[in-house]
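One letter stands for each residue in the lines below.
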Amino acid sequence: MTDMLTLQPDRYFDPEPRKKELAMHLYGQVASKPLVCPHGHVDPRMFADPDYQFGSPADLLLIPDHYIFRMLYSQGIPLESLGIPRIDSAPVEADHRKIWQIFAEHFYLFRGTPTGMWLTHELHDVFGIRRKLNGRTSLEIYDQIADCLAKPEFRPRRMFEQFGIEVLATTDAASDPLEYHKAIRDSGWKGRVVPTFRPDGVVNLDRPDWKENLKALGEVCGYEISSYRKLIQALEERRAFFRSMGATATDHAALTPFTCQLADDEAEAIFQRALQGAATADDATRFTGHLIVENARMSTEDGLVMQFHPGSYRNHNPVIFGRFGYDKGCDIPIRSDFTQGLLPLLGRFGNDKRLTMILFTLDETTYARELAPLAGHYPALRLGPPWWFHDSLNGMQRYRDQVMETAGLYNTVGFNDDTRAFPSIPARHDLARRVDANWIAGLVVRGIVDMDDAEEMIQDAAWRLAKQAYKF
Amino acid sequence: MTDMLTLQPDRYFDPEPRKKELAMHLYGQVASKPLVCPHGHVDPRMFADPDYQFGSPADLLLIPDHYIFRMLYSQGIPLESLGIPRIDSAPVEADHRKIWQIFAEHFYLFRGTPTGMWLTHELHDVFGIRRKLNGRTSLEIYDQIADCLAKPEFRPRRMFEQFGIEVLATTDAASDPLEYHKAIRDSGWKGRVVPTFRPDGVVNLDRPDWKENLKALGEVCGYEISSYRKLIQALEERRAFFRSMGATATDHAALTPFTCQLADDEAEAIFQRALQGAATADDATRFTGHLIVENARMSTEDGLVMQFHPGSYRNHNPVIFGRFGYDKGCDIPIRSDFTQGLLPLLGRFGNDKRLTMILFTLDETTYARELAPLAGHYPALRLGPPWWFHDSLNGMQRYRDQVMETAGLYNTVGFNDDTRAFPSIPARHDLARRVDANWIAGLVVRGIVDMDDAEEMIQDAAWRLAKQAYKF
Amino acid sequence: MTDMLTLQPDRYFDPEPRKKELAMHLYGQVASKPLVCPHGHVDPRMFADPDYQFGSPADLLLIPDHYIFRMLYSQGIPLESLGIPRIDSAPVEADHRKIWQIFAEHFYLFRGTPTGMWLTHELHDVFGIRRKLNGRTSLEIYDQIADCLAKPEFRPRRMFEQFGIEVLATTDAASDPLEYHKAIRDSGWKGRVVPTFRPDGVVNLDRPDWKENLKALGEVCGYEISSYRKLIQALEERRAFFRSMGATATDHAALTPFTCQLADDEAEAIFQRALQGAATADDATRFTGHLIVENARMSTEDGLVMQFHPGSYRNHNPVIFGRFGYDKGCDIPIRSDFTQGLLPLLGRFGNDKRLTMILFTLDETTYARELAPLAGHYPALRLGPPWWFHDSLNGMQRYRDQVMETAGLYNTVGFNDDTRAFPSIPARHDLARRVDANWIAGLVVRGIVDMDDAEEMIQDAAWRLAKQAYKF
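Residue numbers (this note's numbering), protein chains in the order written: chain A, 35 to 506; chain B, 35 to 506; chain C, 35 to 506.
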């Protein structure tokens with residue numbers, strides 16, 4: 035046991051020497067390219083204030099990151115002992131060194147996981163750590179990170195620049211006034227941080243906070259959202275505002291990919307039932323399905339790129355949801371049926387070149403069966419990268435394996451880091467670039483593409499496709 | 035950029051030297067074996083006329099091949115600009131050099147796809163092209179192919195012989211008079227081209243052209259198909275006729291693998307509703323499900339091998355279907371449930387050794403979960419090779435990976451090229467033989483089978499199993 | 035053709051030399067560790083009698099093993115000719131040398147299958163066979179095995195000791211008096227053989243033998259199971275008895291993962307309908323779903339580890355079921371929905387640390403989509419190893435590939451041999467340990483974990499996790 039932490043320069047590549055050599059060569063061509071981050075959940079607040087500080091190492095790396103604490107929780111560690119805030123404001127562990135110690139003692143749980151790979155990269159490259167994180171090294175590493183965080187070069191804006199981020203999109207509710215985005219613009223800082231319009235909160239009737247979200251939307255619009263018609267009006271106004279603030283895209287979640295086209299009076303009737311708390315589950319499905327089509331219609335008019343990622347059963351654990359609320363690692367995927375679900379939308383807008391619709395899935399069985407055939411035919415469709423649980427070394431390999439032969443590289447949109455963990459962004463892009471280089475090297479070494487093609491493909495995968503698809 | 039086109043002799047094999055050496059050895063044993071083509075869509079007309087000419091390079095390679103133009107369409111290229119004929123006979127691009135130029139400029143879309151691999155092989159080996167197809171080389175290559183096509187050795191019969199095709203099965207509607215098959219026989223030419231009986235057009239009530247197909251069937255039978263009873267009679271007569279013309283197999287598509295056994299009067303009632311245009315979606319499902327069982331019954335009696343490939347949602351894009359009709363790259367797979375769907379059929383005929391039923395799927399999740407367990411138990415069942423979107427390097431690897439351990443090699447039926455692109459046939463068999471050699475080499479190098487077994491297995495995979503299963 | 039049988043010392047490992055070297059090193063650390071066998075179907079009778087003999091080679095290796103005879107049957111060999119006993123006691127082949135000859139002539143069917151790998155290992159290592167099994171060598175090998183079986187060192191207890199089995203769990207009906215387990219205990223023999231409580235026969239109302247099972251349960255309990263309440267009482271009593279006999283776990287099958295919480299009077303009403311033969315399919319689904327939750331509740335109270343493996347459509351082939359009964363290789367997997375199906379159970383007990391629930395699946399699409407996310411969150415959940423058709427070289431690789439990144443190694447429970455074929459146990463563990471060593475070597479060679487971690491992981495995978503999870 036040496037506890038020594040190293041990062042191999044040839045990590046993640048397949049071991050066969052000729053293939054590895056090709057992969058290293060291709061990776062070398064994009065390793066230091068700017069990072070294009072078109073889809074993520076970083077808090078814009080941290081760039082609005084030039085002196086923003088991240089807090090403790092636990093504040094930065096653990097407490098906001100459900101990828102991490104879900105794994106600890108799965109082994110019986112209470113979320114309270116990790117400092118996760120409760121809805122009822124009951125006390126939780128406040129000693130961040132204690133929290134960090136628990137984390138370090140259980141870091142072995144992340145062996146072979148993407149979270150383990152990202153964190154290791156992050157600790158090594160961003161914070162200069164050279165010992166493995168475990169119960170023995172815990173506090174020494176804590177102190178080392180804390181020292182870093184006290185320095186000016188660890189302010190978010192400085193890290194943004196040092197990471198080489200070309201553009202970073204945040205994700206923002208329809209009612210968000212985008213005040214932090216405004217502050218960033220007004221500050222004269224040159225970092226490009228843009229919002230993304232995500233109207234789920236007012237579109238998905240079955241959310242516990244729907245009425246609350248509707249009220250907030252009404253407030254920012256200056257009129258009550260008392261009807262379906264008003265909701266459509268509000269969405270159109272907010273989209274225009276988001277565009278004026280630099281947004282190039284919208285983002286939509288739903289339980290399933292079901293879409294449908296309701297008559298206006300049916301949509302209005304469902305909306306009124308929902309206002310009275312009388313909407314059924316079927317109402318919610320149909321209303322969301324209809325609003326997805328309506329947002330596609332708006333995208334053909336205003337040019338915002340539309341992202342759609344159905345398939346997550348949100349807040350599966352009622353105990354945790356009741357105690358800690360949203361986004362606590364309890365969202366679990368379900369099966370999706372894109373072929374039949376998207377038919378109404380694609381029948382109307384699938385051939386419309388004004389629309390770019392980017393699909394994501396948590397159901398990998400749809401990669402080869404549905405998504406690649408759909409994207410390999412409809413001009414309006416593109417496929418997003420492997421998402422959430424599948425944004426991993428193996429997950430990315432399965433995606434390449436199952437999508438590329440039917441959809442081709444050029445109906446996909448490169449990489450999304452999709453993270454709220456800002457300092458993990460370089461690690462995530464680096465992993466993706468390595469996996470892509472390894473994939474393309476595999477094509478070269480088997481005589482499927484030649485080196486000229488491969489060198490174009492790695493540039494496309496690493497940044498070009500993302501820039502094009504998201505109109506940056 | 036050299037634009038030089040090469041085909042590596044060791045292409046598609048895994049790079050590890052020992053495994054590659056074994057794969058090359060195994061491939062070498064079957065590389066020049068005759069091609070057995072038991073399932074495909076080549077037009078028999080081209081062999082009926084000894085002087086048949088293919089037309090322009092675009093006529094030959096692009097306009098009839100939805101694998102190619104679907105990818106171009108997905109990137110926003112109108113089908114009209116590719117010369118795809120419209121139903122309404124509105125003018126489409128007629129300058130085939132222009133069409134070819136568009137294709138060449140977008141050939142990069144096919145990087146890493148099977149279409150890219152097949153075309154590259156075809157251009158290199160069949161037409162002697164030595165430059166990569168792109169915007170710069172487009173017209174030079176067009177001319178070179180056109181020169182070839184003008185020569186007598188590029189008549190279909192000469193190519194058939196040169197390709198080493200041992201037998202080629204076409205796919206023909208129940209009402210087809212098989213006049214081209216008759217002409218081939220009568221001509222004294224020795225090439226073996228046989229029909230396959232495909233009654234979908236008269237069996238699937240929900241097809242837009244059902245009545246039309248029924249009428250055609252009535253005409254060829256000499257009586258009106260005015261009842262379910264007449265339909266059964268007509269199917270049995272046509273099967274006998276197809277057998278007399280050399281057919282050894284039938285072919286059946288359906289949206290799902292659902293089967294059922296209807297009482298005769300229920301089947302008759304549905305048929306009559308359909309004639310009156312009053313059949314429901316459920317009627318159509320049940321009628322098709324019943325006719326699948328009826329065709330299995332007929333196969334136990336007449337010995338025709340039965341192929342069944344459910345799971346494609348046909349004509350998904352209403353705009354393209356309305357403008358260009360069937361088979362335009364808009365068929366999209368859906369989930370399939372074989373275990374429960376086939377129960378009525380297998381309960382009745384699954385243990386009957388007179389039946390050989392070959393199953394295909396577009397839902398790869400059924401490989402390991404349903405199809406391999408079913409084929410590894412029922413004597414009447416065999417599994418067809420990976421089909422359509424999955425007839426690719428990765429697709430074939432996934433099939434071997436997921437099917438073999440439970441079904442074994444000997445419950446599968448070798449390779450089908452399944453193509454309407456006649457000159458791509460050698461490329462398709464070559465790719466399959468290489469993938470199989472690579473798979474078997476992987477078994478040898480890991481000590482799972484020895485070299486004696488491996489040498490038998492590659493012969494089985496490359497041609498023996500296909501000949502046996504299809505009774506050639 | 036040499037017919038020579040060899041077992042490569044480096045078999046099953048990937049061929050790349052550096053990776054193979056690492057895999058060999060890791061495998062070497064666990065190759066001779068004791069075998070922990072927490073889930074299987076070995077008959078305890080064989081250990082109750084110190085002089086138990088296995089019968090003929092066909093009795094031992096073929097007749098009880100549906101993995102083997104299902105494959106032979108799939109190629110048209112009647113089960114009668116293999117000596118499989120019929121329900122109606124009609125005569126079947128009794129000449130075991132003839133049976134063995136058929137098996138040997140068709141042993142090529144198992145090329146590349148796990149059954150082929152296990153049998154080859156077993157013949158080579160357990161019986162010292164050095165020739166390949168085929169039609170030529172058949173009877174020579176038969177005699178060699180028969181000679182072995184006549185020797186004292188081939189009595190089950192001696193083999194148990196020689197195999198290095200640390201603990202072996204059997205699977206036993208709720209009504210089982212566990213007389214053989216008692217005899218083993220009373221005999222003073224030190225081998226640890228423990229029962230597992232499997233109440234399916236009395237819990238799944240739709241089983242043809244449900245009433246019969248209920249009667250047997252009543253007899254062993256000393257009162258008639260005339261009500262739902264009595265059934266619950268009986269289950270609790272039997273669980274306590276099984277625990278007193280050394281059981282640490284229960285085992286539950288169902289067609290789907292559906293769970294629900296019924297009110298007592300609803301459960302009672304269904305039970306009474308079932309007694310009167312009037313229960314519907316929906317009744318059966320709901321009753322089983324409710325009893326799964328009830329058994330979880332009991333596990334929180336008595337500490338028995340709960341195993342749940344839904345997804346097999348039992349007795350799919352009515353002809354074979356009618357003629358030969360249960361467990362004849364006719365159980366075929368179907369799709370499973372764990373995310374929604376388990377919600378009622380997990381909402382109630384998923385956060386309860388007193389419960390360990392181990393999930394198995396035959397639907398591999400749920401690995402990455404549902405099971406890994408669930409197990410990577412709920413403290414009560416662990417994932418069982420790849421099961422039944424997926425307990426194979428490729429199947430185990432797919433499991434590692436799809437489960438580990440989200441659930442991590444530590445939410446899984448190591449290996450189960452799950453077999454009724456006692457002499458195949460070392461082969462099965464050996465294969466699993468090799469696959470695991472190969473997997474972990476792949477992590478090391480790509481720089482994902484270091485050698486210190488790898489050496490811990492291989493111990494965890496090979497035996498530690500199984501011991502912990504099953505409380506041995």
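Some hints here could point you the wrong way.
Keeping only pairs whose Cα atoms sit at most 27 Å apart, straight-line, the calculated DSSO-like set for lysine-lysine is [claimed, not checked]:
(1) Lys387/A <-> Lys132/B
(2) Lys224/C <-> Lys185/C
(3) Lys224/C <-> Lys505/C
(4) Lys132/A <-> Lys505/A
(5) Lys505/A <-> Lys387/A
(6) Lys67/C <-> Lys185/C
(7) Lys362/C <-> Lys387/B
(8) Lys501/A <-> Lys132/A
(9) Lys245/C <-> Lys362/C
(10) Lys387/C <-> Lys132/A
(11) Lys249/B <-> Lys216/B
(12) Lys132/C <-> Lys67/C
(13) Lys387/B <-> Lys387/A
(14) Lys387/B <-> Lys132/C
(15) Lys67/A <-> Lys362/A
(16) Lys185/C <-> Lys362/A
Hints in this document: simulated from the structure, not taken from any laboratory.
Hints, verified against the model:
1. Lys387/A <-> Lys132/B: holds (22 Å)
2. Lys224/C <-> Lys185/C: holds (21 Å)
3. Lys224/C <-> Lys505/C: holds (19 Å)
4. Lys132/A <-> Lys505/A: Violated. Lysine 132/A to lysine 505/A sits at ~45 Å, over the 27 Å cutoff.
5. Lys505/A <-> Lys387/A: holds (14 Å)
6. Lys67/C <-> Lys185/C: holds (26 Å)
7. Lys362/C <-> Lys387/B: With Cα atoms ~19 Å apart, lysine 362/C and lysine 387/B stay inside 27 Å; holds.
8. Lys501/A <-> Lys132/A: violated (43 Å)
9. Lys245/C <-> Lys362/C: holds (22 Å)
10. Lys387/C <-> Lys132/A: holds (22 Å)
11. Lys249/B <-> Lys216/B: Roughly 22 Å separates the two Cα atoms, so the pair holds.
12. Lys132/C <-> Lys67/C: violated (39 Å)
13. Lys387/B <-> Lys387/A: Measuring from Cα to Cα gives roughly 54 Å; hence the hint is violated.
14. Lys387/B <-> Lys132/C: holds (22 Å)
15. Lys67/A <-> Lys362/A: The given pair, whose Cα atoms are some 33 Å apart, is violated under the 27 Å limit.
16. Lys185/C <-> Lys362/A: violated (61 Å)
Checked against the numbered hints listed earlier, the structure breaks hints 4, 8, 12, 13, 15 and 16; every other hint is satisfied.
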